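Each protein sequence line maps, in turn, to chains A and B. Numbered per the numbering used here, the first sequence spans residues 1 to 102. Numbered per the numbering used here, the second sequence spans residues 1 to 157.
Source of the hints: derived by calculation from the structure; they are not laboratory data. It is possible that part of the hints are untrue.
Quick partial rundown of chain A residues pointing at chain B, CB under 7 Å, derived from the structure [unchecked claim]:
{"hint": "1", "residue": "26"}
{"hint": "2", "residue": "75"}
{"hint": "3", "residue": "84"}
Nothing here was measured: the structure is a model prediction, and the numbers come from that model. Each residue gets a CB set at the ideal place from its N, CA and C atoms; glycine is no exception.
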Amino acid sequence: MKKVIAQTEINVNEEGYLTDFAQWTKEIGTEIATDYNIEMTDRHWEVVKWIQEKVNEGAALSIRGIKKSGVIDIKSFYALFPGGPLKVSTKIAGVPKPKSCI
Amino acid sequence: MGTKVKKMMFILSKATIENAYAAFVMANGARMEGIESEIFFTFFGLEAIQKKKMDNLHVATVGNPGMHIPTMIGGLPGMEALATKMMKKEMEKLDMPPVSEFIEILSDSGCRLWGCKLAVDMFHLEEKDLIDELDGILTIGDFYNRADQEGCQIVFI
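The task is simple: from the sequences and hints, build the whole structure.
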């Protein structure tokens, strides 16, 4: 389905995740973040960039993977993206919601 | 959304690896969804928070029909170790962390970890025997009192 975010029409699924990463911009990420009351900082973008790189490499995201990432530890990850950090950060990053249970 | 789960509270009473992981995966899964979670370790569940024992939990090969090993064979020396080794290998393939690392992940994720006072006393355990991540030792009544909002679920494993 189509949705207008940051004055741009983009394709999202029923949960609001972008279905075409090519449509993603930083402005779109910033606006999605406001839905979760998150004000994006350089630290947030650093994590989002890492997530995008991982997904583009075809890697599966998990909380254990965050621990090994070297970019952020689990505690700070939960603090940066409250309310389910993998779910929220991937939505902001414009990549699919991870299917991981761990 | 009055029916949404807000807090998942697990009581882990068993020391078999499949039961411990069931509690860990569900507690961690809750945190990943933005749901609060806590685990109360009691009786044999305390093995999962004892520094010396936690990474040596076994799968049950006797009295466990799901293993499809005849009881008499499951009881032979080494069977439990072999089955555990095989299961750990499969879990590693799925990127499931060992118990000690899982506890660390849970604690960092904000899952609260509690020891049961009665069981700790019964097994003569001291604080130094237990994981550093432990949030404290509670009575079951204390644990119930932590179900302090609507949408709390208590699950016994």
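We went through each hint and held it up to the structure:
no. : hint : in the structure
1   : 26   : violated, 24 Å
2   : 75   : holds, 5 Å
3   : 84   : holds, 4 Å
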